[in-house]
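Trainee: The lines below spell out each chain.
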Amino acid sequence: MRAAGFFYALAGLFALCVPLLGIYPVFMMKLLCFAMFACAYNLLLGFSGMLSFGHAAFFGSSAYATAWLATAQGWGAAPAILAGIAVSALVGLIVGVIAIRRRGIYFAMITLALAQLIYFVCLEAPFTGGENGLQGVPRGSLFGVIPLRSDVVMYYLVLAAFLAQFVFIRRVVQSPFGQVLKAIRENEPRAVSLGYDINRYRLVAFVLSAALAGLAGSLKALLLGFATLSDVQQANSGEVILMTLLGGAGTFFGPVIGAAVVVTLQEYLSDIVGGWVTVIIGAVFIACVLAFRRGIIGELTALLRRRFRP
Amino acid sequence: MTEIFGIPVAVILGQLMLGLVNGSFYAMLSLGLAVIFGLMGVVNFAHGAFYTLGAFAALLGLQWLGINYWAALVIAPLAVGLIGIVVERLFLRHLYKLDPLYGLLMTFGLALVFEGSLHQLFGASGQSYPVPGALQGAMNLGFMILPIYRAWVIVVSVAVCFSTWFIIERTSVGATLRAATENAPLLQAFGVNVPLLMVATYGGGVALAALAGVLSAPVIVVSPQMGSSLVIVVFAVVVIGGMGSILGAIISGLTLGVVEGFTKVIYPEASNIVVFVIMALVLILRPAGLFGRE
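So the sequences go chain by chain: S and R.
All the letters of the first sequence, read from the start, carry residue numbers 100 to 409 under my numbering.
All the letters of the second sequence, read from the start, carry residue numbers 16 to 309 under my numbering.
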């Protein structure tokens, strides 16, 4: 446990110093956004055992909502983000109510199909800008006081949101509610026999995960200044699964590592290998499923445990 | 010209025809998915990629080797089926003991690899495949113009679907296959080579997807992403039909194609989403699917 504390302190220090280290802040912000997305997804896959194949729908719908409100309606950053979260929670509620009727692979296929429906809505709705999406979204200012135009200020806002979300997810997982989710994941019939209304727990977990994914989407739309179809695309749903799986589903910090690896791969590898990056991501996916299903953090912890067994 | 709701009947029939063509592809693909899932417990996300590979095999066979359509109809499914067999031996067989979700994720990665490679090698724009000489032109039925190739697609795929159904439900090979679906270890104890059965099933299901790809090549643009959105629609079709039933997969595939075609006439904006909306309704009313049992 002390090692974990030391690790978090080191990671926190690094995150605080990013603007001083000469790392491109927009890249770090993007990374943090996808880390938030993956952590939100992990709440579902890792801690509740539900594999959603449609999380881009929540990330994307809130990105679109925030972008539209900030651009066409002139809303400030905070209300636009909150509204984005509300939209993704609502979409999550609708998708969740339908999808939790089935389990396992059916659940995955249903979320995939419903997310595709939302993709087409974003493509064809009159206010989403069709193929181009919504461009030139202003960052505005926080509460009308702190202007967010500077990348450094924006970076600290995203970092604060990330930390808040990280702590929140930890609290949820360790709460009695999180324990029930874990019980459902481990042994559903037993959870039923103990008298838990499992579908309600599943639905709440689903909506929570959707809303948190929405927070990531909103921030992404503000910091990069656009919401496009790639936010709601199936590929985006696939990537968040990969991030979570690669880092370690069911570990707190795994998705962050996974997101860091995937975003860095996309950012720097695409300069070298161009479009082959999709192929590489696919190959990483296959390797992940075949060789290390516990993910980077999961495998590392298992290794350490074996090494230092008392 | 007769009209219904102000839309000429010929237009409606033409769209229904197109819908039936799409429905044939849905039926062939969901049939393969259902058979593979039934026996192996793997939801084959790469099914759309294999469909694309089938179309590309036909296209490249024609361009590079001069293999004509009729030969491609046989060779392309065989070649893609062979790829499927390699995939099963290399990757999938390690996943049977695990949660089916891992199979879904692995084949998703596989689809990315196949589609990404095709995209890099042949570009995103896509190419057209000529309609074979014997099937060019159209018949005038009096009330509508029927392009011969489309009629051919429907006839072939219905024939293929029902012979697959016949093999599985009415022959001894099919009986063995169904037995393996029910209880593979027991069947193996009786001396049946179950791993061989699984390879054959995966190869066969994938070949079926490739055949759909070859059939579709002359009616659509052959491009790397032609299968990636199709596979999602096919998943919805499978959810609607219920995964357990082969006949259910065929019937719901054809029906949903027609419904989609009909939506194109009445309210074109919704034609992309109508299948998903129907899926949502079916799940609310009858969660196991129309032909499913639970």
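Since the hints were derived computationally from the structure, they do not count as laboratory data.
All values reported here derive from a predicted model rather than from experimental measurement.
Just to be clear, a hint being listed does not mean it is correct.
Claimed, not checked - Cut-off 20 Å, straight-line C-alpha distance, at most; resulting in silico cross-link-like pairs (EDC-like, lysine to aspartate or glutamate):
| # | chain 1 | residue 1 | chain 2 | residue 2 |
| --- | --- | --- | --- | --- |
| 1 | R | K112 | R | E18 |
| 2 | R | K112 | S | E285 |
| 3 | S | K281 | R | D114 |
| 4 | S | K129 | S | E287 |
| 5 | S | K129 | S | E285 |
| 6 | S | K281 | S | D296 |
What the hints assert, rightly or not - Derived coverage of chain S by chain R (criterion: at least 3 residues anywhere in the stretch with Cβ under 8 Å from a Cβ of chain R; other residues may be distant):
| # | segment |
| --- | --- |
| 7 | 104–110 |
| 8 | 169–179 |
| 9 | 246–257 |
Yeah, the Cβ is synthetic: ideal placement off N, Cα and C, and Gly gets one too.
Trainee: Does each hint fit the structure? Answer for all of them.
Mentor: Verification of the supplied hints:
| no. | hint | in the structure |
| --- | --- | --- |
| 1 | K112/R - E18/R | violated (58 Å) |
| 2 | K112/R - E285/S | holds (17 Å) |
| 3 | K281/S - D114/R | holds (17 Å) |
| 4 | K129/S - E287/S | violated (37 Å) |
| 5 | K129/S - E285/S | violated (34 Å) |
| 6 | K281/S - D296/S | holds (14 Å) |
| 7 | 104–110 | violated (count 0) |
| 8 | 169–179 | violated (count 0) |
| 9 | 246–257 | violated (count 0) |
This entry does not satisfy hints 1, 4, 5, 7, 8 and 9, going by the numbered hints stated previously.
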